[in-house]
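So the sequences go chain by chain: P and V. If you're matching positions, the first sequence starts at 3 in this note's numbering and goes up one per residue. If you're matching positions, the second sequence starts at 3 in this note's numbering and goes up one per residue.
No lab work stands behind these hints, which were simulated from the structure alone. Don't take each hint at face value.
As the list makes no split between identical chains, a pair holds if one copy fits it or if it spans any two.
[What the hints assert, rightly or not] With a straight-line cut-off of 27 angstroms between C-alpha atoms, the simulated DSS-like cross-links for lysine-lysine are:
| no. | residue 1 | residue 2 |
| --- | --- | --- |
| 1 | Lys127 | Lys148 |
| 2 | Lys148 | Lys102 |
| 3 | Lys127 | Lys262 |
| 4 | Lys27 | Lys89 |
| 5 | Lys264 | Lys127 |
| 6 | Lys89 | Lys238 |
| 7 | Lys238 | Lys179 |
| 8 | Lys164 | Lys238 |
| 9 | Lys102 | Lys164 |
| 10 | Lys262 | Lys238 |
| 11 | Lys183 | Lys262 |
| 12 | Lys183 | Lys238 |
| 13 | Lys183 | Lys102 |
| 14 | Lys145 | Lys238 |
| 15 | Lys148 | Lys238 |
| 16 | Lys27 | Lys102 |
| 17 | Lys105 | Lys145 |
The structure displayed is predicted, hence computed values, not measured ones.
Protein chains: 2
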Amino acid sequence: MRQFLAPVGLDNSGRIVLSDSRDYKYLCRVLRLAVSDVISVRLPDGQLCCMTVSEIDNGARRIVLTTSDMQTDSVAETGIQARLIQKLPVRYWLFQFLPKPQKMDFIIRQATEAGVVSIVPVIGKYSQLKCTDAGNRFARWEKIIKEARQQSGSSVPTAVQKPLFLRDAIALWEQEKDERKCAVFLSEQEAGENSLHACLSCSPSVVAVAVGCEGGISAEEQSMLQEHGFVSVHLKTNILRVETAALYGIAAVQSIIMEKEKWLLSE
Amino acid sequence: MRQFLAPVGLDNSGRIVLSDSRDYKYLCRVLRLAVSDVISVRLPDGQLCCMTVSEIDNGARRIVLTTSDMQTDSVAETGIQARLIQKLPVRYWLFQFLPKPQKMDFIIRQATEAGVVSIVPVIGKYSQLKCTDAGNRFARWEKIIKEARQQSGSSVPTAVQKPLFLRDAIALWEQEKDERKCAVFLSEQEAGENSLHACLSCSPSVVAVAVGCEGGISAEEQSMLQEHGFVSVHLKTNILRVETAALYGIAAVQSIIMEKEKWLLSE
């Protein structure tokens, strides 16, 4: 764990009292924390905080964390500490046409790790009907996001939407009022001369990537996306499985944006 | 399945006789092919061939495939046919410091899909000893590669090496005599001004990406890599899990190379 996502903020004494037995189980049983251990805690407002385990009540399954003045060297984490992880300067959205359930879980985990802020499951023409009923899966997605954020130390408050029809998903995107918006969808077919570099050369501050499910994105859906400003981009690689394509697309977009000051469009 | 990887080439009559019961099981039981079905077959020499199932002997668990003159529209595949998948103009190597076994399986599958030609498992300082004994895992890796190639239609003859110490892995890379070689390793720390765009601006024809395991790549290992021409590149994203980092790195490199004619280095 690189950070613990606190369910509540600090009280007036600068403490957090955790009385949910799941938090107790995770911190005491899984991570085996003891009194006086120090951990990185991400507060609900996004702030990252060094906190000491000051009290463990095994009977009541209750833990108290207190803000710490300790050197962060002693933090009970492995690898790079959450406080050293850079903030992503761009917000990323993923529109994922709903694939089979297991694949969606997987995509949500990797998208969270990579710092996607908004994951929108889209009920597409080729989504299997049984996959579009979120039901209990929504709670499961939120759990996956929490775990992935705790593990990766991501400062991005990733959230997943309930599954939406494409029309409603696009309406949600249109509520994003940032002026420097950019939206692409990954196409299996070579489609004109659109390149990611060209799409991203405007230095967008928010970028949407739409990725199809098994069977892809139908022609009608592609037209609807294009009518609403999504640019069709074909990545000249092998045919990827759905669960590979999502991370591949996010990585392609992020790595080109991250190095924006290193390149210029040719011509 | 987008293609069937034939274990042998065509005989003098343009046929392939499959007498391994695993092939029988896969084609007849899993894919449920019947006589006169047409499939895409990748021959050992890399050629892709349309073949008809001309004979199924259920008793002997034997199948005969015959080269076909049929229109490829009738091929028993879903999605884009293998013959329509573009060849990758660049060869990719992945040097993967050995993580936990399950993660390595996963990395090999995704690297194969993305068209990596040579996967080199590296026994690094932080590789757990139990993970470095390939044993049965090597056969398992080869099976994963075969499945991933059949599913993705990859024309790249991906191969995995037996695990090597870093020194030997580098020696293998140095046997790659192509003049337009480029090698990078992913670093968790910001390290100077190296960018992927700068590294890849020479239009390499073969690119190596080295990715650490849990715990990363040690300082000594990083020095050794640098002495042998590997450039340290830091991708400004969140901290990724090992199994996410490999595909992320490959996608970053490939997408920048694929669009090489679209961008120029800025100064």
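request  = Could you place Lys148 and Lys238 in one of the four classes (within, between, both, neither) given a Cα distance threshold of 27 angstroms?
outcome  = This pair counts as between: shortest inter-copy Cα distance 22 angstroms, intra-copy 34 angstroms.
request  = Give the relationship of Lys27 and Lys102 under a CA distance limit of 27 angstroms: within one copy only, between copies only, both, or neither.
outcome  = between (31 angstroms within a copy, 25 angstroms between copies)
ask   = Is the C-alpha distance from Lys183 to Lys238 at most 27 angstroms within one copy, between copies, in both cases, or in neither?
value = So Lys183 and Lys238 pass the 27 angstroms test inside a copy (24 angstroms) and across (20 angstroms) alike.
inquiry  = If the cut is 27 angstroms between Cα atoms, do Lys264 and Lys127 qualify within a copy, between copies, both or neither?
reply    = Neither: 40 angstroms inside a copy, 33 angstroms across copies.
query = Which holds for Lys262 with Lys238 at a C-alpha limit of 27 angstroms: within a copy, between copies, both or neither?
reply = For Lys262 and Lys238, both the intra-copy (21 angstroms) and inter-copy (12 angstroms) Cα distances are at most 27 angstroms.
request  = Pop the pair Lys102 and Lys164 into one bin, within, between, both or neither, using alpha-carbon distances up to 27 angstroms.
outcome  = Answer is within: at 16 angstroms inside a copy they meet the 27 angstroms cutoff, but 34 angstroms across does not.
task = Evaluate Lys127 and Lys262 at a C-alpha cut-off of 27 angstroms and name the case that applies: within, between, both or neither.
result = neither (35 angstroms within a copy, 34 angstroms between copies)
query = Within a copy, between copies, both or neither: where do Lys164 and Lys238 come within 27 angstroms Cα-Cα?
reply = Answer is neither: 32 angstroms inside a copy and 30 angstroms across each miss the 27 angstroms cutoff.
key: Status of Lys238 relative to Lys89 across identical chains (alpha carbons, at most 27 angstroms)   = between (30 angstroms within a copy, 9 angstroms between copies)
request  = At 27 angstroms max between alpha carbons, let me know whether Lys145 reaches Lys238 within a copy, between copies, both or neither.
outcome  = between (34 angstroms within a copy, 26 angstroms between copies)
key: Lys127 and Lys148: within-copy, between-copy, both or neither at 27 angstroms Cα   = neither (30 angstroms within a copy, 31 angstroms between copies)
key: Up to 27 angstroms CA-CA - Lys102 versus Lys183, copy category   = Classified as neither: same-chain Cα gap 30 angstroms, cross-chain 40 angstroms, threshold 27 angstroms.
Hint violations for this structure: numbers 1, 3, 4, 5, 8, 13, all remaining hints satisfied.
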